[in-house]
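Chemist: The chain contents come next:
There are 2 protein chains.
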Amino acid sequence: MGSLQFEHEFGNKPLDSEEFRRQGHLIIDFIADYYKNVEKYPVRSQVEPGYLHKRLPESAPYNPEPIETILQDVEQHIVPGITHWQSPNYFAYFPSSGSTAAFLGEMLSTGFNVVGFNWVSSPAATELENIVTNWLGEMLNLPKSFLFSGNGGGVLQGTTCEAILCTLTAARDQTLRKIGRENIGMLLWATIKSDIEDGIIPLFLCATIGTTGIAAVDPLQPLSEVTRRYGIWVHIDAAYAGSACICPEFRHFLDGIENADSFSFNAHKWFFTNLDCCCLWVKNPSALNQSLSTNPEYLRNKASDSRKVVDYKDWQITLSRRFRALKLWLVLRSHGVGNLRNFLRSHVKIARHFEELVRSDKRFEVVAPRNFSMVCFKVSASSALFKHENDDEKDEKSNEVTKTLLEKINTSGKVCMSHAIVGEMYVIRFAVGASLTEEKHVVGAWKVVQQNLDAILSHRIHIPCEFSMHWYSYWY
Amino acid sequence: MGSLQFEHEFGNKPLDSEEFRRQGHLIIDFIADYYKNVEKYPVRSQVEPGYLHKRLPESAPYNPEPIETILQDVEQHIVPGITHWQSPNYFAYFPSSGSTAAFLGEMLSTGFNVVGFNWVSSPAATELENIVTNWLGEMLNLPKSFLFSGNGGGVLQGTTCEAILCTLTAARDQTLRKIGRENIGMLLWATIKSDIEDGIIPLFLCATIGTTGIAAVDPLQPLSEVTRRYGIWVHIDAAYAGSACICPEFRHFLDGIENADSFSFNAHKWFFTNLDCCCLWVKNPSALNQSLSTNPEYLRNKASDSRKVVDYKDWQITLSRRFRALKLWLVLRSHGVGNLRNFLRSHVKIARHFEELVRSDKRFEVVAPRNFSMVCFKVSASSALFKHENDDEKDEKSNEVTKTLLEKINTSGKVCMSHAIVGEMYVIRFAVGASLTEEKHVVGAWKVVQQNLDAILSHRIHIPCEFSMHWYSYWY
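Residue numbers (numbering that gives the first Met the number 0), protein chains in the order written: chain A, 0 to 475; chain B, 0 to 475.
A portion of the hints provided could be inaccurate.
As the list claims (entries may be wrong) - Short derived list, chain B residues pointing at chain A, Cβ under 7 angstroms:
| hint | residue |
| --- | --- |
| 1 | 18 |
| 2 | 44 |
| 3 | 51 |
| 4 | 60 |
| 5 | 123 |
| 6 | 130 |
| 7 | 134 |
| 8 | 297 |
To be verified - Negatives, chain B to chain A, calculated, CB over 12 angstroms:
| hint | residue |
| --- | --- |
| 9 | 14 |
| 10 | 15 |
| 11 | 105 |
| 12 | 174 |
| 13 | 176 |
| 14 | 193 |
| 15 | 205 |
| 16 | 327 |
| 17 | 359 |
| 18 | 368 |
| 19 | 413 |
| 20 | 457 |
Unchecked claim - Here chain A is said to cover these stretches of chain B; the calculated rule only asks that three of the stretch's residues, wherever they fall, bring their Cβ under 8 angstroms from a Cβ of chain A:
| hint | region |
| --- | --- |
| 21 | 110-118 |
| 22 | 270-278 |
No lab work stands behind these hints, which were simulated from the structure alone. Source: prediction; values computed, not measured. A virtual CB, placed ideally from N, CA and C, is assigned to each residue, including glycine.
Turn these sequences into a full structure, and let the hints guide you.
Modeler: If you want it as structure tokens, here you go:
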């Protein structure tokens with residue numbers, strides 16, 4: 000069965016270099032046009048649950064369909080169901096900051112399609128991952144004990160969830176090897192002492208640099224003074240904010256990291272690296288390996304037996320792994336350390352500008368210190384809007400107006416933001432970091448916020464009695 | 000700070016549609032050329048440990064580098080360190096069968112770069128995943144109880160490791176909810192009875208359709224008769240072989256699946272879907288959700304509260320998730336069910352041809368039934384080659400010759416295979432499934448096997464005394 004016969008017999012081939020070239024160019028133009036036009040789409044998808052089921056067939060087609068037809072369907076049926084995280088007007092959750100460089104790296108990774116579970120399965124995949132995690136570790140000024148050169152090391156995983164699960168497992172097993180029993184706990188430091196008195200062994204503390212709610216920063220130095228005394232594994236989760244620490248002026252947020260055991264941040268959040276890419280460094284890779292290693296016979300090989308190589312399968316939950324290092328390598332080289340710092344600084348700068356805009360409108364308040372590129376704000380309970388309410392009512396009403404305001408903003412499709420609960424306050428999270436965002440978008444976003452509050456208030460004036468329930472059910 | 004000023008100030012932008020277009024076209028040609036020339040590279044990388052550290056700089060560059068320079072480095076420094084899983088002469092481990100369609104899907108997913116943790120974060124990501132797992136479930140003729148329409152459902156995860164970890168956790172928690180204590184075990188069915196007598200509650204059985212070693216198949220029907228009696232969660236892991244079951248003639252391997260609780264296969268192995276994509280179906284999604292759900296306030300939204308939508312974050316370990324459904328959708332549509340079946344059949348057919356070639360050479364034996372597209376063979380202990388040895392020596396020597404043969408084959412760079420231990424036999428695994436593989440490559444691979452055995456044997460004739468240690472240390 001030769002090549003021609005194959006083609007004749009089956010109609011098409013799964014992988015043909017010239018057809019790949021033709022279709023690949025088509026899709027590059029498709030995605031480039033998407034970026035060109037991304038501001039034209041409503042940022043948050045406006046579809047209703049079940050929309051796609053109504054538009055697509057019940058079953059897979061028996062016969063092949065041309066790529067042109069499929070791309071038409073992507074445009075008509077998929078794009079309307081996308082919330083446009085790449086839009087410059089996207090400020091929700093945390094950024095998912097893609098870049099051309101990371102996209103190209105992901106394409107190379109997808110194209111080579113190697114399964115780098117151990118060194119021999121594709122040496123470049125392992126060694127480039129060693130190299131880029133070293134590069135990045137140096138950029139972050141991590142203590143040498145986290146780098147391969149200091150007997151630590153870095154690994155690229157999918158997400159922070161994986162990184163925490165892996166380090167937690169390593170911490171548990173390390174403690175079990177020491178104490179040989181299972182009366183262990185994973186607890187906040189304030190309870191450490193009472194746990195020990197109760198015979199529970201605390202073993203893992205996760206400190207956060209840039210919490211999801213309000214991008215707060217745990218104080219590493221005082222925490223580590225306590226944990227070190229009890230031999231507790233400290234993981235530093237800097238999922239969003241870690242990238243900022245490549246700038247000298249932000250590096251102080253990591254002071255105290257020298258006492259931690261592991262550190263991770265998501266390059267796919269605010270480091271121009273398309274999803275997914277969580278960078279994890281550990282001081283003691285053998286603790287990870289002892290918990291996560293698998294050595295089935297079919298993976299044995301000379302290089303692994305020589306112990307001269309890293310087998311990343313022993314650093315993570317999964318066996319199969321993509322060649323993620325390529326995209327990080329392309330991001331670092333395409334931009335250089337200098338530009339990357341400046342990109343991050345520009346986001347912080349325009350977030351600061353947004354913060355100033357919020358503060359300049361007395362109806363609003365900023366509810367948490369802005370450490371990085373995220374501003375948390377709400378309609379102020381103490382503003383003149385609520386002057387006729389008592390204190391409890393003020394808090395409740397300002398929460399309700401803030402919640403309604405957010406829903407109106409997102410329903411407008413002009414910008415997209417998300418929320419958090421801080422104490423008992425409902426707050427709007429405004430996270431700058433989309434790769435296309437510039438100052439003009441932030442200024443525009445603020446206008447959308449103000450206009451929508453104006454609209455809510457004018458509506459409120461027309462229904463002065465029991466207004467809050469009225470507009471609540473109307474808008475929400 | 001306007002757009003122009005930004006560009007001037009920072010030298011380049013992370014994401015610019017026209018620069019994306021230019022660089023994207025460059026890389027498509029780069030990868031298309033790679034596929035065109037992939038047969039020219041040694042299949043298994045020939046580099047030594049540490050090769051890349053010698054070639055790349057110690058630190059990330061401060062200034063940006065042009066994509067042209069980076070691509071030159073990929074060609075000169077990365078490609079030599081790649082084991083070419085996409086080569087038509089790649090037969091090691093299991094296939095990593097990429098395709099143009101899946102590549103395009105991955106590009107779309109990477110380009111949109113949405114984080115589909117719940118429905119509202121990008122409705123299309125969730126709904127397309129519902130749809131393609133339904134399509135594929137129907138193609139596999141899964142019982143309706145595994146599909147959304149039958150109150151089950153499908154999810155796309157990264158790897159089988161994740162799928163098993165998730166289902167195992169669900170099984171454990173389901174049992175704990177029933178029995179309220181922790182005296183539980185995860186055991187083979189033969190030990191179930193004695194475990195129960197010992198007060199251990201067996202809770203999870205993983206049956207395999209196509210084991211990694213020799214692609215063996217567990218008999219689902221008799222297994223499930225036992226497990227059903229004891230309420231044990233049965234997961235069917237068909238990581239490699241599951242895809243073949245879309246062909247009616249292979250579907251019988253799944254007979255008995257109606258009694259299982261969950262089923263997974265890796266579309267990234269032998270289903271033309273680039274890494275990573277593990278398809279998992281469960282009968283009882285709420286068991287998964289109860290174990291894996293997270294509901295932080297910042298993810299609350301109307302759609303989730305309405306319970307009308309699937310939030311896939313509750314179906315997996317990680318919160319962030321890529322839009323994997325796109326690539327599976329493109330694979331299904333670009334080829335259609337008919338072609339996909341024929342691609343798989345063609346691999347089985349040429350594997351059968353390879354099996355015939357092995358059987359036609361008396362120096363070799365096929366060591367396990369060939370169920371799918373993998374042939375396990377070795378230099379036969381009973382062949383005339385070992386006629387002067389006693390029985391124990393025959394086994395040992397045939398193992399040694401087989402091991403040496405494999406290393407010589409892989410060192411040749413012409414083809415790549417891997418090994419397994421079956422009982423006490425060292426066997427070569429020859430897995431057909433790379434997307435570019437045709438019959439001629441398999442015929443050529445067999446010639447490489449024969450020529451290398453010839454070379455070993457001729458070498459052996461020249462050093463007749465203590466030969467086995469001699470050639471062993473020489474070749475290995």
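Chemist: All the hints need checking, so say for each whether the structure fits it.
Modeler: Each hint, compared with the structure:
no. : hint    : verdict
1   : 18      : holds, 6 angstroms
2   : 44      : holds, 5 angstroms
3   : 51      : holds, 4 angstroms
4   : 60      : holds, 5 angstroms
5   : 123     : holds, 3 angstroms
6   : 130     : holds, 6 angstroms
7   : 134     : holds, 4 angstroms
8   : 297     : holds, 5 angstroms
9   : 14      : violated, 4 angstroms
10  : 15      : violated, 7 angstroms
11  : 105     : violated, 5 angstroms
12  : 174     : holds, 19 angstroms
13  : 176     : holds, 21 angstroms
14  : 193     : holds, 24 angstroms
15  : 205     : holds, 15 angstroms
16  : 327     : violated, 10 angstroms
17  : 359     : holds, 19 angstroms
18  : 368     : holds, 18 angstroms
19  : 413     : holds, 17 angstroms
20  : 457     : holds, 24 angstroms
21  : 110-118 : holds (count 6)
22  : 270-278 : holds (count 4)
Violation of the numbered hints given earlier is confined to hints 9, 10, 11, 16; the remaining hints are satisfied by the structure.
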